[in-house]
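Protein sequence lines correspond, in order, to chains A and B. Be aware that the first sequence starts at -18, since it is given in our numbering, and climbs by one per residue. Be aware that the second sequence starts at -14, since it is given in our numbering, and climbs by one per residue.
These are computed hints drawn from the structure, not numbers from a lab. Don't take each hint at face value.
What the hints assert, rightly or not - With a straight-line cut-off of 30 angstroms between C-alpha atoms, the simulated DSBU-like cross-links for lysine-lysine are:
1) B/Lys(-1) <-> A/Lys(-15)
2) B/Lys224 <-> B/Lys199
3) A/Lys(-12) <-> B/Lys42
4) B/Lys64 <-> A/Lys292
5) B/Lys199 <-> A/Lys(-12)
6) B/Lys122 <-> B/Lys(-12)
7) B/Lys5 <-> B/Lys197
8) B/Lys15 <-> A/Lys292
9) A/Lys(-12) <-> B/Lys122
10) B/Lys15 <-> A/Lys289
11) A/Lys151 <-> A/Lys139
12) B/Lys49 <-> B/Lys187
13) B/Lys(-12) <-> B/Lys173
14) A/Lys292 <-> B/Lys0
15) B/Lys64 <-> B/Lys15
16) B/Lys173 <-> A/Lys292
17) A/Lys372 <-> B/Lys96
18) A/Lys(-15) <-> B/Lys96
19) B/Lys49 <-> A/Lys372
20) A/Lys292 <-> B/Lys42
21) B/Lys5 <-> A/Lys289
22) A/Lys289 <-> B/Lys96
23) A/Lys(-12) <-> B/Lys96
24) B/Lys122 <-> A/Lys372
From a predicted model like this one, the values you see are computed outputs, not experimental measurements.
Below are the chains, spelled out letter by letter.
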Amino acid sequence: MDFKKTKIVYFKEMLDTLRDRRTIISMILVPILLFPVLMFGMSGLVVFFMEEAEKIPPRVVIVGKANAPSLTRKLSQEGEFKITYETNFRDAIRDKRAEAALSFSEDFENMIEAEDSAQATIYYDEAEVKSSMAVGKLRDYLSHYEDSMVTQRLKKRKVDRSLLQPVDIKEENVASQEKMGGFMLSMFLPYMIIILALIGAMYPAIDLTAGEKERGTLETILASPVSRGELATGKFLCVMTISMITAVLATCSMSITAGIGFAKMGPFTPEEVQISIKLTSILIILILLLPISALFSSLLLSVSLFAKSYKEAQSYITPFMFLLIMPAMITFMPGVELNWPLAFVPVINVSLAAKEVLLGTYNWGFIGLIFVSTVIYASFSIYVTKRLFEKEWILFRT
Amino acid sequence: MIKTFNLTKIFSDKKRGEIKAVDGVSLECKPGRIFGLLGLNGAGKTTLMRILSTSLKPTSGTAKIDGYEILNQPEMVKKRIGFLSSDTGLYPRLTAFETVTYFARLNGMEKEAIRRRIDEIFEILDMNDYRDMKVDKLSTGMKQKVSIARTMVHDPQVLILDEPTLGLDVITSRNIIDFVKSSKQRSKIVLFSTHVMHEAEKLCDDIAIIHKGKILEVATLAEYRQKTNLDSLDDIFVKIVGE
């Protein structure tokens, strides 16, 4: 094989591919914009709507107002809830005239005064987000009320509150801030990067095989002084380059977005989560990505080489994509950890290793093994691709 | 010289079984002469030419092109041929100049030689106006010229032209016809396939009639006329194929 010719093919394919709008979109725009849009756009919208919903006082139907006149008065005066009175509270909730209903037992106020236990029931519709939110608010309100009653009663008896709390339970998260950030990233960063490395390779792989058949350029190049091996290698290196560029851009975009983004996300405050991914982690992930992107590139080239046209190639590749993406989802499974057998399963091994690395665990033995095994799989796949390029029944399929 | 020795290509088809697309073809094309391969659609012209351009491997038999054997020295063969067919497309996102440069580089030409050669060809073919335009944006006629430039950039001794005028209008076809004629003048070996009788009549020095993969007869037009007592190639062709 003449490397000079492979180089000529590679640079021509790169030039050609970089002028393809589809490739530019999937290689540059998608990985760069996907994460900020997901994080700020989607989660921002969710937070916005939650906050908006919080501002409006939930409508609550009081059942048995006469049973608890002072609490009812308090509720309607404070304005935290919009109080209505209806006999058929179930219909009111179902027809969305109210978010929840609060019913007091017959002797509610008497029991409270007698320092006994009174009963209140909250009715709501769990399938409705607004209703669930109203319940949370009501529950908080009532436990607050309950708490003040307890304090009053204890005060009257001159008993200290600590009597009711023999054990004071405290929880403290010992994970470092980096680990908390890594934990969240480790769930979806490996998955996202693997998908994007795959998507990045998809268009060029189709374009350089089935696309060439469709345009008749494959026939032209096959009659030119370049061997099938040189041609296959040049094309493969081009697809792999595009795949790696996509993955690198995705990693950078995601790390930066995560750094800014988590701090702004609803339940996590900046003190709780700090995203700082170590450069070593990123480097290890990118090194592991090299053979996996080689594997993807050669697989996609092989599959789309069979097709006669761009469209046909797309329909071959779609089921194939699912097959490759599914194992990458392993990072979402709780409790699945890297072990010897899993270290040999392609895609799964890289996903899990990337997850561990993001959590700050560097198991060099596994990392080395995964790299070597993926290199072996990729080499085999590249060999198959090269052989397929020599099959005239595939190249001249009619 | 192109010399084929009993070339045979068998395709196996699930529905139709084994098909002999090319069946024991032996022929000889000489420099400075246009060798026409005349046959109906599906006669085996394209398969034969793909074998000669080393894109397909023959099932049996072999061929020598300019002294090089197609099976053992495909790279040397490819350097000596210019292959053009109605199916050979161009890269739409490359410019005319980039396209021709790419093929020149694959042929092992050096930078300076490429520049000189491209200047020369673009001048001859009157292509300088759209030198840096993307192929995508060119008219059919312009594209055809880019294809011709691509075929002749390495100044090949042998031209294998498979129905190069198929689907082209009269004006665009003329580019190709002129190219074939000038190649003959420069003592090139031209193998030209067609199913258009008047094209063969006008251009070819030697005409081989190919039918169902077999060469039925090779002769000059004058010899065909003498042998069949017919004047037009249409009639001659029908007579020979019908026999």
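Are A/Lys372 and B/Lys96 close enough, with their CA atoms no more than 30 angstroms apart? violated (33 angstroms)
For the pair supplied as a hint, A/Lys292 and B/Lys0, is the alpha-carbon distance within the 30 angstroms limit? Judged against 30 angstroms, a Cα distance of about 25 angstroms means the pair holds.
Does B/Lys122 sit within 30 angstroms of A/Lys(-12), going by the straight-line distance between their CA atoms? Measuring from Cα to Cα gives roughly 27 angstroms; hence the hint holds.
Could you grab the alpha-carbon distance between B/Lys64 and B/Lys15 and see if it respects the 30 angstroms cut-off? Roughly 18 angstroms between the alpha carbons, so the hint for B/Lys64 and B/Lys15 holds.
For the pair we were handed, B/Lys15 and A/Lys289, check the Cα-Cα distance against 30 angstroms. violated (37 angstroms)
30 angstroms Cα cutoff - pair B/Lys(-12), B/Lys173: Since the Cα atoms of B/Lys(-12) and B/Lys173 sit roughly 15 angstroms apart, the hinted pair holds (cutoff 30 angstroms).
Tell me if the straight-line CA distance from A/Lys(-15) to B/Lys96 falls inside 30 angstroms. At roughly 14 angstroms apart (the allowed maximum being 30 angstroms), B/Lys96 and A/Lys(-15) satisfy the hint.
Quickly compare the C-alpha distance for B/Lys224 and B/Lys199 to 30 angstroms and report which way the hint goes. holds (16 angstroms)
30 angstroms Cα cutoff - pair B/Lys49, B/Lys187: It holds: about 27 angstroms lies between the C-alpha atoms, which stays within 30 angstroms.
If you draw a straight line from the CA of B/Lys5 to the CA of B/Lys197, is it 30 angstroms or shorter? Distance of about 8 angstroms is within 30 angstroms: holds.
Given the hint that B/Lys199 pairs with A/Lys(-12), does the C-alpha gap stay at or below 30 angstroms? violated (41 angstroms)
Given the proposed pairing of B/Lys64 with A/Lys292, does the C-alpha separation stay at or below 30 angstroms? violated (34 angstroms)
Consistency note: the structure conflicts with the earlier hints numbered 1, 4, 5, 6, 8, 10, 16, 17, 22 and 24.
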